[in-house]
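*Asks:* Residue strings, one per chain:
There are 2 protein chains.
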Amino acid sequence: MYVLYHGWRSSASRRVRLCLAEKGLAFESRIIDLTKMEHHSPAFLKLNPNGVIPLLILEDGRSLYESGTICEYLDETHRDPPLRPDDAFQRAEMRNWIRHVDGLIGNLIIFNWAHSMAKVATQWSDAELAEKLKNVPSKERREAWLRTARKPYTDEERQEARDKLRIGLLDRMEAMLAEGTWLLGARYSIADIAAVPFIKRIDEEISPDEMTAARHPRVHAWWQAIQARPAFAVANIGPFTGS
Amino acid sequence: MYVLYHGWRSSASRRVRLCLAEKGLAFESRIIDLTKMEHHSPAFLKLNPNGVIPLLILEDGRSLYESGTICEYLDETHRDPPLRPDDAFQRAEMRNWIRHVDGLIGNLIIFNWAHSMAKVATQWSDAELAEKLKNVPSKERREAWLRTARKPYTDEERQEARDKLRIGLLDRMEAMLAEGTWLLGARYSIADIAAVPFIKRIDEEISPDEMTAARHPRVHAWWQAIQARPAFAVANIGPFTGS
Numbered sequence: 000m001y002v003l004y005h006g007w008r009s010s011a012s013r014r015v016r017l018c019l020a021e022k023g024l025a026f027e028s029r030i031i032d033l034t035k036m037e038h039h040s041p042a043f044l045k046l047n048p049n050g051v052i053p054l055l056i057l058e059d060g061r062s063l064y065e066s067g068t069i070c071e072y073l074d075e076t077h078r079d080p081p082l083r084p085d086d087a088f089q090r091a092e093m094r095n096w097i098r099h100v101d102g103l104i105g106n107l108i109i110f111n112w113a114h115s116m117a118k119v120a121t122q123w124s125d126a127e128l129a130e131k132l133k134n135v136p137s138k139e140r141r142e143a144w145l146r147t148a149r150k151p152y153t154d155e156e157r158q159e160a161r162d163k164l165r166i167g168l169l170d171r172m173e174a175m176l177a178e179g180t181w182l183l184g185a186r187y188s189i190a191d192i193a194a195v196p197f198i199k200r201i202d203e204e205i206s207p208d209e210m211t212a213a214r215h216p217r218v219h220a221w222w223q224a225i226q227a228r229p230a231f232a233v234a235n236i237g238p239f240t241g242s
Numbered sequence: 000m001y002v003l004y005h006g007w008r009s010s011a012s013r014r015v016r017l018c019l020a021e022k023g024l025a026f027e028s029r030i031i032d033l034t035k036m037e038h039h040s041p042a043f044l045k046l047n048p049n050g051v052i053p054l055l056i057l058e059d060g061r062s063l064y065e066s067g068t069i070c071e072y073l074d075e076t077h078r079d080p081p082l083r084p085d086d087a088f089q090r091a092e093m094r095n096w097i098r099h100v101d102g103l104i105g106n107l108i109i110f111n112w113a114h115s116m117a118k119v120a121t122q123w124s125d126a127e128l129a130e131k132l133k134n135v136p137s138k139e140r141r142e143a144w145l146r147t148a149r150k151p152y153t154d155e156e157r158q159e160a161r162d163k164l165r166i167g168l169l170d171r172m173e174a175m176l177a178e179g180t181w182l183l184g185a186r187y188s189i190a191d192i193a194a195v196p197f198i199k200r201i202d203e204e205i206s207p208d209e210m211t212a213a214r215h216p217r218v219h220a221w222w223q224a225i226q227a228r229p230a231f232a233v234a235n236i237g238p239f240t241g242s
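In order, the protein sequence lines correspond to chains C and S. Heads up: the first sequence begins at 0 in numbering that gives the first Met the number 0, then just goes up one per residue. Heads up: the second sequence begins at 0 in numbering that gives the first Met the number 0, then just goes up one per residue.
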């Protein structure tokens, strides 16, 4: 059986759980607590030197990280149901779309980390904070931790992030959905899966007003269809806010 | 025939030219002059709203951007010679490797832009610079232009970039090459192609001392083998320095 190191609220983890659920694949769940920096712990770094979740351990012990890569691997090795287009050009568009959505993650973090991450990080002493930051390899993530711990994002920054998600995600999806029910047309694919964790957060907190049938009618219908899929319940994409 | 919008010195363009050359595919060449910001011109943005090269125009008029995506598309549509591993896990590793190398581009830019980009950008007046920056959508690239035009990267920054390329690229490649001639083993692949433009620059300017048989013997041998491939000459990966 697969072993998945993941977080319930981690966007990339949510994508992989969705993909596994669509394929009907079971996995042994190992939770990594990001607020405890478990992804930067020596034990986890032994499994994944990149210090990121999700991490999928295959049955033969080899492992894969990076949600887009994991999803495409799962689709290549478990064909039913197919989660990529049959057409090479559309597969290329799928890969660029995933990459594009990945590039928007900074805008999501501004909202996401204000919850459980902030609850923990604001309690750290300066010495603790400095010690924790030492283990974070990426400059962008160090900055995000620092901001979360000491200098919460301003209303202007939150609005800018909101705008980028509207233009880069909602408006683009609205245009893509003119061609069919799903982002790449008739077949539900990893392109749709890639957007789900973002849309979930936009719908529940970031810009619910943009998710109405009046503002983005096709995205609104897509989101209803996504939530109606049995895999959505299995993947456990729960609310972010609350305890 | 394909039409390729590209730059001779652009790393991503060099990857796509290498891939086309390995496949023996001809293309109509359209040069985009980055120093003239032609990639942010209204004419080019009509072709690619993302404002990046390379851009491959297919015979039916559709287009693709992003070098990794283009190379994989070319391999899916022109099977001979194959440039991806047959094994799904190795294909996943290939995609993560390309992504990893992509993430190092900022360290290459510090050296690359000090040449022709700086020659042009340092001549701009403050008003011209401000006007040019307005057209650059990415924050990272705006910063790179600003630094190139007004505040050249320091020796410390250059050394830090050099170190990151050594650790993230050369040391990792040395380990990967323990398994075979090429980065993913026996078959030359897009994983190798992805590294070529970086190694070219490391070898000619950034850290030639790290490219010796004494320092990185397997990378040294790999680089000799790469340059001996007929496709390398066809792809025209020329020197960066000089006029």
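Please note: incorrect hints may appear among the correct ones.
[To be verified] Pulled from the structure, derived: some chain S residues nowhere near chain C, Cβ distances all over 12 Å: (1) Leu63; (2) Pro80; (3) Gly102; (4) Arg157; (5) Ala230; (6) Val233.
[As the list claims (entries may be wrong)] Calculated lysine-lysine pairs in the BS3-like style (CA-CA distance at most 30 Å, straight line): (7) Lys118/S with Lys163/C; (8) Lys45/S with Lys138/C; (9) Lys138/S with Lys150/C; (10) Lys150/C with Lys118/S; (11) Lys131/C with Lys138/S; (12) Lys138/C with Lys150/S; (13) Lys22/S with Lys138/C; (14) Lys138/S with Lys150/S; (15) Lys150/C with Lys133/C; (16) Lys138/C with Lys131/S; (17) Lys131/C with Lys22/C; (18) Lys138/S with Lys133/C; (19) Lys133/S with Lys45/C; (20) Lys138/S with Lys163/S; (21) Lys45/S with Lys22/S; (22) Lys131/S with Lys118/S; (23) Lys45/S with Lys35/S.
Derived from the structure by calculation, the hints contain no laboratory data. For each residue, glycine too, the CB sits at the ideal point set by N, CA and C.
*Asks:* A separate judgement is required for each hint: does it hold in the structure or not?
*Replies:* Now the hints, each set against the structure:
A Cβ of chain C approaches the Cβ of leucine 63/S within 12 Å, the least distance being about 5 Å, so the stated non-interface status is violated. Every CB of chain C lies more than 12 Å from the CB of proline 80/S, the least distance being 17 Å, so the non-interface label holds. Listed as outside the interface, glycine 102/S is inconsistent with that label: its C-beta sits roughly 9 Å from the nearest C-beta of chain C, within the 12 Å cut-off. Against chain C, the non-interface label of arginine 157/S holds: every CB pair exceeds 12 Å, the least being about 17 Å.
Listed as a non-interface residue, alanine 230/S keeps its Cβ farther than 12 Å from every Cβ of chain C; the least gap is roughly 21 Å. The Cβ of valine 233/S sits about 23 Å from the closest Cβ of chain C, beyond the 12 Å cut-off, so the non-interface label holds. A distance of roughly 33 Å separates the Cα atoms of lysine 118/S and lysine 163/C; the hinted pair therefore is violated under the 30 Å criterion. Between the alpha carbons of lysine 45/S and lysine 138/C the distance comes to roughly 34 Å, so the proposed pair goes past 30 Å and is violated.
For the suggested pair lysine 138/S and lysine 150/C, the alpha carbons sit about 21 Å apart, so the restraint of at most 30 Å is met. Straight-line distance between C-alpha atoms of lysine 150/C and lysine 118/S comes to about 39 Å, which puts the hinted pair past the 30 Å bound. Taking the CA atoms of lysine 131/C and lysine 138/S, the gap is near 27 Å; set against the 30 Å cutoff, the hint holds. For the proposed pair lysine 138/C and lysine 150/S, the alpha carbon gap of about 21 Å is at most 30 Å, so the pair holds.
A C-alpha spacing of about 38 Å is found between lysine 22/S and lysine 138/C, which places the hinted pair above 30 Å, so the restraint is violated. Between lysine 138/S and lysine 150/S the alpha-carbon distance is near 16 Å, which keeps this suggested pair within the 30 Å criterion. Between lysine 150/C and lysine 133/C the CA atoms are separated by roughly 19 Å; this keeps the pair inside 30 Å, and the hint holds. Of the pairs offered as hints, the one joining lysine 138/C and lysine 131/S holds, with about 27 Å between alpha carbons and a cut-off of 30 Å not exceeded.
Taking the CA atoms of lysine 131/C and lysine 22/C, the gap is near 37 Å; set against the 30 Å cutoff, the hint is violated. Proximity of lysine 138/S to lysine 133/C is assessed by CA-CA distance (about 25 Å); at most 30 Å being required, the pair is judged to hold. A distance of roughly 44 Å separates the Cα atoms of lysine 133/S and lysine 45/C; the hinted pair therefore is violated under the 30 Å criterion. Proposed proximity of lysine 138/S and lysine 163/S is supported: the alpha carbons are some 21 Å apart, at most 30 Å.
The suggested pairing of lysine 45/S with lysine 22/S holds, with an alpha-carbon distance near 29 Å, which does not exceed 30 Å. The straight-line distance between the Cα atoms of lysine 131/S and lysine 118/S is roughly 15 Å, inside the 30 Å bound, and the hint therefore holds. For the hint linking lysine 45/S to lysine 35/S, the alpha-carbon distance of about 17 Å falls within 30 Å, and the restraint holds.
The structure fails to meet hints 1, 3, 7, 8, 10, 13, 17 and 19 from the earlier list, while all remaining hints are met.
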